[in-house]
Amino acid sequence: AQRVTQPEKLLSVFKGAPVELKCNYSYSGSPELFWYVQYSRQRLQLLLRHISRESIKGFTADLNKGETSFHLKKPFAQEEDSAMYYCALNGGSQGNLIFGKGTKLSVKP
Amino acid sequence: NAGVTQTPKFRILKIGQSMTLQCTQDMNHNYMYWYRQDPGMGLKLIYYSVGAGITDKGEVPNGYNVSRSTTEDFPLRLELAAPSQTSVYFCASSRQGVGSYEQYFGPGTRLTVT
Chain L
38 AQRVTQPEKL LSVFKGAPVE LKCNYSYSGS PELFWYVQYS RQRLQLLLRH ISRESIKGFT
98 ADLNKGETSF HLKKPFAQEE DSAMYYCALN GGSQGNLIFG KGTKLSVKP
Chain G
245 NAGVTQTPKF RILKIGQSMT LQCTQDMNHN YMYWYRQDPG MGLKLIYYSV GAGITDKGEV
305 PNGYNVSRST TEDFPLRLEL AAPSQTSVYF CASSRQGVGS YEQYFGPGTR LTVT
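Which chain is which? The protein sequence lines are L and G, in order.
Using the numbering used here, read the first sequence as starting at 38 and increasing by one per residue.
Using the numbering used here, read the second sequence as starting at 245 and increasing by one per residue.
These are calculated hints, taken from the structure and not from any lab test.
A virtual CB, placed ideally from N, CA and C, is assigned to each residue, including glycine.
There may be inaccurate statements among the hints.
Partial list, computed: chain L residues near chain G (C-beta under 7 angstroms) [claimed, not checked]:
| no. | residue |
| --- | --- |
| 1 | L81 |
| 2 | L85 |
| 3 | K102 |
| 4 | G103 |
| 5 | Q131 |
| 6 | G132 |
| 7 | K138 |
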């Protein structure tokens, strides 16, 4: 079964501390994985996708097929990073996304 | 370029009432989706469409209907509302399905059924 697991509901860190938001997936085949973010009072938006291998707003995520993980990392958290983060998996040819339950990141001053 | 727009933003329905959630996108995307998000949960797919005139069920389609007469519009119809349909509804669109294409989301509709 296709599934995305985000084990942490809430992650609270201090400004300047490293951040790692965990994501594990279950998928038979080559997965296409994404991180979406929802800032307060804003709509859900794409943060990054594994295929791009890019760093967005200082965040990176590496696909580890052996561990079936796609953790999101940032070396130095900023207060403006506070938001809900969703890991998502492309569910197939119809392109729908399978979402994890989300992790709320709170960065304290 | 407004992206994906949804109306209404909020709605309270009584049990048994019906309503249509509107979704419009101006990006000429073929793929459109309706998701619902219950408290503390991830988004779940209700229905999707790969182009005008083509729709199909997602993971949680019961109690809903959709139509796609134009590329731009993808309304979601709730018939005989039930408390279990209390949720936040998101419409999204994408240029393609297969591949790492970004989905663009609307702001959501918060629906309460009492």
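Structure-based check of each hint:
1. Look at L81(L): its Cβ gets to within about 4 angstroms of chain G, closer than 7 angstroms, so that hint holds up.
2. At a threshold of 7 angstroms, the smallest CB-CB gap from L85(L) to chain G is about 10 angstroms, leaving the interface hint violated.
3. Annotation: K102(L) was flagged as interfacial toward chain G, and the flag is violated, the nearest CB pair being 16 angstroms apart, outside 7 angstroms.
4. Interface restraint check for G103(L): the shortest CB-CB distance to chain G comes to about 21 angstroms, outside 7 angstroms, so the restraint is violated.
5. Interface restraint check for Q131(L): the shortest CB-CB distance to chain G comes to about 5 angstroms, inside 7 angstroms, so the restraint holds.
6. About 3 angstroms separates the beta-carbon of G132(L) from the nearest beta-carbon of chain G, less than 7 angstroms, and the hint is met.
7. Restraint check, K138(L) versus chain G: the minimum CB separation of about 5 angstroms is within 7 angstroms; hint holds.
Hint compliance for this structure: hints 2, 3, 4 are broken, all remaining hints hold.
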